[in-house]
Every structure is written in structure tokens, then in C-alpha cells.
Amino acid sequence: MGPSKRTLYRSVIDLSLGMLVFWLAQSALAQETAQPAPGEAEAAKPALSAEEALNPVDRIKAGRQEVASAMESVRKAMDAGSASGSDRAAVLNQQLETLKQLDSVFERQLAAQQEIETLAVEERKYLEAAKTLETSDDPVPVSELDNASSELSAQTARLSALRAAVDQANAQVEQARAAVAGKQKELAADEGEKAASSDGEPDSLRLQSARWELKQAEETLRLGELNLEREKRKLTVAEASVKLLERRLSLLAGRVQFTDKELEERLQQIEKEELELKRELRRMDGQQIANESRLHDARQRMANAPLDKLGELSEEVEARRLAKESLETKISGLNKRVELIGTWNTAWRRRHAVINGFGKPVEWVKWKEEAVDALAALDQTERAVILLLQDWKKQLISIENKLSNSERDGGSSARWLEQQHQSAESLIDHLRDQDAYLEKTRGLLQKVVESVNDRTEHRSWRELAELVLDTELNGNRVRDWGLALVAVSGLFSLLVFVRNFLISALQRYLERRQNVLIGEFFAGVRQTRTVFLLMVSVFASTLLLRLDPTLSGIIRKLTIVTLLFQVSTWVSYFLRVWVFDYLGKKTKRDQTSLGALSIFNSLSQLAVWSLALLLALQNFGVDITALAAGLGIGGVAVALALQRILGDLLSSLSIAFDKPFVAGDFIIFDQLMGTVEHIGIKTTRIRSLDGEQIICANSDLLNTRIRNFKRMRERRVAFQIGLVYHTPYEKLVKVPSLLRNAVEAQANVRFDRAHFKAYGEFSLLFEVVYYVLSADYNDYMNVQQGINLMIFESFQNEGLQFAFPTRALYLQGVPQTGEAALSALKSGEGKTTAQLRAG
Numbered sequence: 029m030g031p032s033k034r035t036l037y038r039s040v041i042d043l044s045l046g047m048l049v050f051w052l053a054q055s056a057l058a059q060e061t062a063q064p065a066p067g068e069a070e071a072a073k074p075a076l077s078a079e080e081a082l083n084p085v086d087r088i089k090a091g092r093q094e095v096a097s098a099m100e101s102v103r104k105a106m107d108a109g110s111a112s113g114s115d116r117a118a119v120l121n122q123q124l125e126t127l128k129q130l131d132s133v134f135e136r137q138l139a140a141q142q143e144i145e146t147l148a149v150e151e152r153k154y155l156e157a158a159k160t161l162e163t164s165d166d167p168v169p170v171s172e173l174d175n176a177s178s179e180l181s182a183q184t185a186r187l188s189a190l191r192a193a194v195d196q197a198n199a200q201v202e203q204a205r206a207a208v209a210g211k212q213k214e215l216a217a218d219e220g221e222k223a224a225s226s227d228g229e230p231d232s233l234r235l236q237s238a239r240w241e242l243k244q245a246e247e248t249l250r251l252g253e254l255n256l257e258r259e260k261r262k263l264t265v266a267e268a269s270v271k272l273l274e275r276r277l278s279l280l281a282g283r284v285q286f287t288d289k290e291l292e293e294r295l296q297q298i299e300k301e302e303l304e305l306k307r308e309l310r311r312m313d314g315q316q317i318a319n320e321s322r323l324h325d326a327r328q329r330m331a332n333a334p335l336d337k338l339g340e341l342s343e344e345v346e347a348r349r350l351a352k353e354s355l356e357t358k359i360s361g362l363n364k365r366v367e368l369i370g371t372w373n374t375a376w377r378r379r380h381a382v383i384n385g386f387g388k389p390v391e392w393v394k395w396k397e398e399a400v401d402a403l404a405a406l407d408q409t410e411r412a413v414i415l416l417l418q419d420w421k422k423q424l425i426s427i428e429n430k431l432s433n434s435e436r437d438g439g440s441s442a443r444w445l446e447q448q449h450q451s452a453e454s455l456i457d458h459l460r461d462q463d464a465y466l467e468k469t470r471g472l473l474q475k476v477v478e479s480v481n482d483r484t485e486h487r488s489w490r491e492l493a494e495l496v497l498d499t500e501l502n503g504n505r506v507r508d509w510g511l512a513l514v515a516v517s518g519l520f521s522l523l524v525f526v527r528n529f530l531i532s533a534l535q536r537y538l539e540r541r542q543n544v545l546i547g548e549f550f551a552g553v554r555q556t557r558t559v560f561l562l563m564v565s566v567f568a569s570t571l572l573l574r575l576d577p578t579l580s581g582i583i584r585k586l587t588i589v590t591l592l593f594q595v596s597t598w599v600s601y602f603l604r605v606w607v608f609d610y611l612g613k614k615t616k617r618d619q620t621s622l623g624a625l626s627i628f629n630s631l632s633q634l635a636v637w638s639l640a641l642l643l644a645l646q647n648f649g650v651d652i653t654a655l656a657a658g659l660g661i662g663g664v665a666v667a668l669a670l671q672r673i674l675g676d677l678l679s680s681l682s683i684a685f686d687k688p689f690v691a692g693d694f695i696i697f698d699q700l701m702g703t704v705e706h707i708g709i710k711t712t713r714i715r716s717l718d719g720e721q722i723i724c725a726n727s728d729l730l731n732t733r734i735r736n737f738k739r740m741r742e743r744r745v746a747f748q749i750g751l752v753y754h755t756p757y758e759k760l761v762k763v764p765s766l767l768r769n770a771v772e773a774q775a776n777v778r779f780d781r782a783h784f785k786a787y788g789e790f791s792l793l794f795e796v797v798y799y800v801l802s803a804d805y806n807d808y809m810n811v812q813q814g815i816n817l818m819i820f821e822s823f824q825n826e827g828l829q830f831a832f833p834t835r836a837l838y839l840q841g842v843p844q845t846g847e848a849a850l851s852a853l854k855s856g857e858g859k860t861t862a863q864l865r866a867g
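Residue numbering for the sequence shown follows my numbering, beginning at 29 and increasing consecutively.
A couple of the hints might just be wrong.
To be verified - Derived lysine-lysine pairs resembling DSSO-like cross-links, with alpha carbons at most 30 Å apart: (1) K289 - K388; (2) K422 - K352; (3) K352 - K364.
These aren't lab readings, by the way, just hints derived from the structure by calculation.
With the hints as constraints, model all of the structure from the sequences given.
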């Protein structure tokens, strides 16, 4: 410990002693000048005066005086016989116990307050010492630096425990606060009962006791708050101490000197300790041979021993076995110590080189990395030692239990149990020493790391740059990684520039003249992805480095995958252009054609990207043969399951390419008719003449006969007209010309023929055939209406009568007058059936 540190500690100790003497004097003076309280029992009530004007120490002393006075009053009340009743005596005893506890609380408050003030002084001293820490250019030995570092480690380790103590004190304050709230409720309840009772006494002993219990709870809360403040002060003092030690350590690190002489002394000590360990190893090797021989003999005797000696011999065998196992563990531990001593030798040499600036910074960083790796290995070794130590402690407890039972029962195996106990204790001591060796090794390795850190932190910018550039990462120096990064940036920038230059040049060319091929190439260049250019740049730059085969393989695979997806993007774009531009020009730009082209485009896109995905998986080592076979079988299963849906899909394509009808056509199929509204992948929607929507599966629609009226260029119309049989021949001959004139008088028609076709059952049948030169049904109905009207007019002018269904009925046995009347009626001479009946 340095002189400045000792001076600081001495000053703190002297100041603490002075403060303690001052507080003791003040306490004695306050007790001599205090006035005694009255002696009546009523004086045992808690004081209700304000105490905020007193300082903490005076308040505590006043409280103790008040409690002492109350205790004296309670004792007098008990001695005077006023507590003859058992209930009153119990209440007074309880009140006395509460006052004693309250006095103890005040005593602890006083101790806590004095400690808080001492800690405050100590904190100020640490802060002042940190501000006025002396700086000097005199070199200091490395041992002083190590002592300061050890002290800093110890103080830093205390911080976590102090923080836990603060948390615990905080929890205790919360519990005390809850207790105060409970006591307040109890006191309020007692006061309410007192007010409701008919007792004329101003106060009762139970109410006084409740008030003192509340006072105790309040002072306990105040004690908890003082304890919390004290723990916080301790934490603050410890943090100030850590800051002071850190400042001092940083100053010492800049002035440390590790001479060759000091290094030689330390190496000699290490060599001496190594020789002692090797000598001990040779001695234990000889003991091990003897232990094996004794164990063998004991097992032989146990195998041939009678039953009454079997228990003692079994304990002897166990003692020999434990001695052998203990010695084997010690030998293993000593070998590990020899190995650790070799680590000490290397650590001291490297630390000497780093502190004195021998070697290159790159080599120091490598030593630091090795030290960090060795620390990680030490962690595992320490855990193994701790587990082994715990196991042997459990065995020691078991042996002690056996030994105590043997001594109590007077058994003959106590001697061997004693040897087992000695072997276990010896091994436990050895394991503790082993743990100490590990901790010492840890400290040395940590000092090597700290020395490298301190040395590299105080080097020039040029040295730091060389240190960083020569550091190896994954088999390459940092400067090589930097060159590779520059190469990545340069190549990536170049590729992006070339892409953007081509885009701008092609765009200027297309502004001057229209060229479909150049336009499509321009659009394809714009599909080049930035991530593809980046992966190409990274792959090209990694050729400058010596990478791990695994990392190199990952980069190569990622580059291939990026290339596959970029090529797929180009192919996907050009396929889409070919489908919608080239094929679209050869088909009608209707909804059905566009739907078919969309389906074809989707299938082609799916094929392209599926192939890209399979190639990417193959690049990552996936066996796509089995995958393709599985997909094929799965496709067949899906096709069988979705046979009807796929049939409708193919029917949709058939409708799209064969075009038996398109949207907007009026069709008739089966007994249904209507206008096609939409042709989908599975169904076609048709709007009927009645207004409802007919939805029909595409496959069902193609399996029936369809009449498409939208493609009808002209409509052929044939209709018949019947005349009565008694029409004269002269008028009958004129009928075809009258019919022809009626047809030809209409617009947008072409007359075909008009003939006397046949003799009907009740009429003479004439057939007319003509063509309406329009597919519109309304036009046809207008023409037909005009023809019908003109025929009616011309027939009326000519005296021609239209036939209607009639039947001639001949009756036998009817009078002649009746037959003549019927004949006259048939020839039109009669008047009516009513007239006949009247005649």
C-alpha cells in the first residue's frame, strides 16, 4: 500500500475517533441536565409535543428520556399495588415491555445516526482525496500496481452486496410502514370504543398501551429509514472509494516500472515452487504404490475373513480405497499446479514485455486473446474443483456420522473411520489449495489483459492504426479486410453506374425513335436487382481473402442463388411481355382472352420460379430428385382429388382459345338462354331474359349444344297462314302475291318465297319464308308485326277469311228442318244458334 493511501486511511480513522469522543461527551452532558418526569401513572402517556425543531441526535435522546420517565411511572404504579386486578397487571406488564422495546429502538436509532454521520464524513474525505490525488512522475514498482488492482477488485466486489443490503433495507421500511398503518387503525378502534363506553375515566391503560405501541411502530419505521439511509451511505462511500482507487490505478498504470531484476526474482520464486511441487509429486507416487498394495491386501483379507470380522475389514477396505482415491486426486491436482506454474511463468514474461514496450502491438493483442481463452478454460476447471469439493464435503459428513455412531456403540472400526476422516479432510484441504492456485492464475491472466489494454490505450495514433490493421480476423489481417471492403464498394458502385448508364442511354434513344426490341431490352435492364450486383461484388472481392472453407462456400452458394433469381426475374419479365404483347396482338382484346392469357402467364411464371427454386435447393445440397418424385406423386394425387376443378379450368382455356362464345353473346343451351356476362376459371355466368343469373360449370357448358345468336348475320323466318275451305279459287290464286307484297313492303328484309303449301284439317295452308337482315330480335319482331298487319289489311280488302279450328258434326234422326238449319248455318246463311233454338 502506498504512502498516500496510508495517510488517507489514518486521517479517516482519526476523524472517526474524534467524532465518537465528541458524541459521547454530548450524550453525558444531556443526561446530567435532563429534568425528571412526574411520578404519577398518568405521566405514562406518550408526549404529543412537536419534535421537528430538534436535530436527529437530540430528538433520539429526548425520546429515550421520555421512555425512561414513562417506564419509571409504570413501575411505580405496579409497586404501589394499583394493579391489583389481573387484567390491569397484564396491561401494565405489556406496556412496560413495549417501553423497553421502544427504548431499544431509540438506542439503535442513535447508533445508526452516528454511523450515518461518520459515513458522511468518510464520503467527503474520499471525494476530497479523489480531487486532490497527488500526481508524480516517479516510477512505481509493479507490485504496488498489483496491490492497488487487488484492492479495487475487492471494493468492486462489495458493491453488489451493498446494493442488495439497500434493497433489503427498503423492503424493511415498507414492512414498518404497513405496521404503522395497522397500529393506527387499532388505536382509532380503541378510541372509538372508549368514546362509546360509559366509563368516566379520561383515559384507560389499554388506550395508553395502544398509543405506546403506535409510538414503537413509528420509531421502528424511523429506525428502518435510518438503516436505509445508512446502507445508502455505505454504498455511496464504497462507490467513492472505487472511483478513488480507479483514479489512483490509472495514475499508477502510467508510471509503473517492471525491471528485469524484478522479473528475475519472480521467475526464481516460480521455479522454486515448481521444484517443490515436483518433489511432492515423486513422494506421492511412492505412496500411491504402497496404498495400492495395502488396498489389495485388505481386499484379500476381507475375502477370507469370518463373518464377525467382516464389518471391521469392510471399513478398512473403504479407508484404504479413500486413501488411494484421495492420493490420486492430489497427484492430479499437483500436475495441474505444475501446468499452472508454467502459465505463471509465461504470464509474467509477457507482462514484462508489454509494460516495457517489447514486441509488436499485434503480438500483444494475440497474447491478450490467449489469456482470455485461458480464463475461459479456468472457469470450467474451477467449476469442476468446486463440484469435487462439495462431493467430498458430503462424504466427510457421512464419515463423521459413522464415526459418531461407532464411538457411541463402542464398535471396533473406529480406527479405520478415523483414517477415512483424515483422508477426506486432507483431500478437502488440497482442493481448497487447488482453488487458491486457480484464483492466483486467474489474477495473473487478468493482469496480462489489463496490461495490454493499458498499453494499447496510451499508444500514438499511428501505433494504434498499425495495431488495428495488423490484427488478424478469421485468418486475414484487418488491412486485407479493408482492401476487400474497398473492392466490394468499388465494384458495386461500378456495376450500379453501368446499369444506370445503360438505362439512361436507352431511354434517350427511345425518346428519339421507337424501337420495340430496344424498348423491351431497356425494360429488362431495369429489372436488374441491386442485391444481385451486391452479391456479385462480394463474391469477386472474397477472392482476395483467405476465407474459411465453410464461409467461402456459403458466399458462393448465396451468389449462385442470387444469380438464379436474377435470371428468373429476367425470364419472367420477357415471358410476360411475350404473352401479353405478342400473343395478345393475335387474339381479341376481350375479357375472355385476357383471362386466358393471365392463366397462361401464371402457369409459365410458376414453371420458371419452380425451376429456380429447385436449382437453388440443389445448390444447398438438397436432393431434388426425391423432391421432384414426391412432388410428382403429390401432383397426381392433387389432380385426382381436383379432377372436376381441373376439368373446369381446362374447359375455361378451351373457351378462351376456341371461343364458342364470348362475353356479351346471347346463347341458348339445353332449355336455358341468356347473355354471357363473365367467363371464369371454373364457371360461366349468364344473365337470362327473366333477369336472374345462371351459373354453369365450364365443362357442363361445353358438353352440351350451344346456339350462339350473337354471331347470327341474318335471321330466317318461316310462318304459315290458314284460309277457310270455302274460299273461291279466283281469290285463292291472289294470296301468294298478297303475301309477297306484305313482306317486301318492310325494310331490311329479303323475300324468299310464298306458296300454297298444303290442305290442313280445317284450313288451306300458305307458307311464307323471308330473311331479316339483322340479328337483333327486336328488329325481327318489328318486321313480323308489320307483315302481319299488312296481311290482315289486304285479306280484309279481298274478302279472305282466316281459318280457325272447326269440326262438322252430322246427327242421325234429327228432323229435316234441323238438318236444313245446320246446313244453312254451315254455309253462312243461318244467323245464330240462339235463333235456331228460338225457331
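Verification of the hints:
1. K289 - K388: Holds, at roughly 23 Å.
2. K422 - K352: This hinted pair holds, its Cα atoms lying about 18 Å apart.
3. K352 - K364: 18 Å, holds
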